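Please take these sequences and the hints and turn them into a complete structure.
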Amino acid sequence: MFGYGNEYEGLAFWLPLIWAGLIAVAVAMYVIVDGFDLGVGILFKAARSENWRDRMMVSVAPIWDGNETWLILGGGGLFAVFHIAYAVLMPALYVPIILMLIALIFRGVAFEFRFKSDRSKFLWDNAFFFGSLLATFFQGMVLGAFVQGFANDGRQFTGGTFDFLTPFSVVTGLGLICGYGLLGATWCVMKTTGELEIWARRMAVRFLGATVLAMAVVSVWVPFLGRQIEMRWFSWPHVAFVAPVPLITAYVAYRLLRDLDEGRPYRPFFLAVGLFLLGYLGLGISLFPYIVPPNLTIWDTANTVHSQLFALVGFAIVMPITFAYTAYAYYVFRGKVADDIRGGGYGYY
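Following the working numbering, the numbering of the sequence shown begins with 35 at its first residue and continues without gaps.
Simulated from the structure, these hints should not be mistaken for lab results.
These figures come from a predicted structure and were not determined experimentally.
Even for Gly, the Cβ is constructed at its ideal location relative to N, Cα and C.
Simulated DEER-style distance windows between Cβ atoms: (1) T331 / E229: 48 to 54 Å; (2) N329 / F357: 30 to 36 Å; (3) S154 / F258: 46 to 52 Å.
With a straight-line cut-off of 20 Å between C-alpha atoms, the simulated EDC-like cross-links for lysine to aspartate or glutamate are: (4) K150 / D374; (5) K155 / D374; (6) K370 / E231; (7) K79 / D152; (8) K79 / D159; (9) K79 / E231; (10) K79 / D373; (11) K370 / E229; (12) K155 / E84; (13) K79 / E146; (14) K79 / E229; (15) K150 / E84; (16) K150 / D99; (17) K370 / E84.
Spelled out as structure tokens, the structure:
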């Protein structure tokens, strides 16, 4: 089946599954942890005062660069293990990925320069806001292009440079802005106090409505992008696995709205994370096992068993360390941001 001897048949089947799971976890972690700090940037320009903007930035400044480690892990794992998928996906997505990285660079520089500037602070405010906004939008376009699928001959991309740019990818880009805005707002609810927390709570309600609407539009649209997806959503027994996802998502959204209204400080953020994970699960059910929709599976694109095993040793070391570092960083900078931030210090209590 996989072109190996009997001793490798089992590994040739299970290793791509294991690697798909590891890369999916890395991407999910990136979406969650970098999603809320990009969301803080999306909210940045709407903040009413300099003190609010200082406190919002300080809430993510100690941890934002570690968050992006997960993006490197996901991309590195794809390159190391699914080389054919990488060879198809990257040429198809060069433009949005390069624009996303440029936006992330400007945003990263803003973290370092904003607190040290005086007359030019407005420039770094704009760099932080527009960098966050555009990085999120292009990430959403990459997601939309991935769900639509890519023209290929089995080993390379055969489409055009701007095939990624479609009405569906624009909608997913706007939808991700809404989703990251929700994560950023609930993060500010959890990490700030006073008028800023109240404002963030109101913004979270607005972004929740926009996120639910975007998820509904995408959910209705996705089944009609390809025959295989349509069959999974509307045929038995696939529908038994798919149907619970929107029902649970609706309940989580309702519970999130109630918690925001009741003034809970912590649970809204974790419910917003749950909302993202449910959307991620829905897309996974729709597309698995295709790593390059609509026709290349994880087994079609996987490297040799030996190379997968070699890379797995490295991942087995790096991934737990990354989890441990992430947990430790969040533990050290736990608590609320102080109301009075001076000199760019990390004021927590």
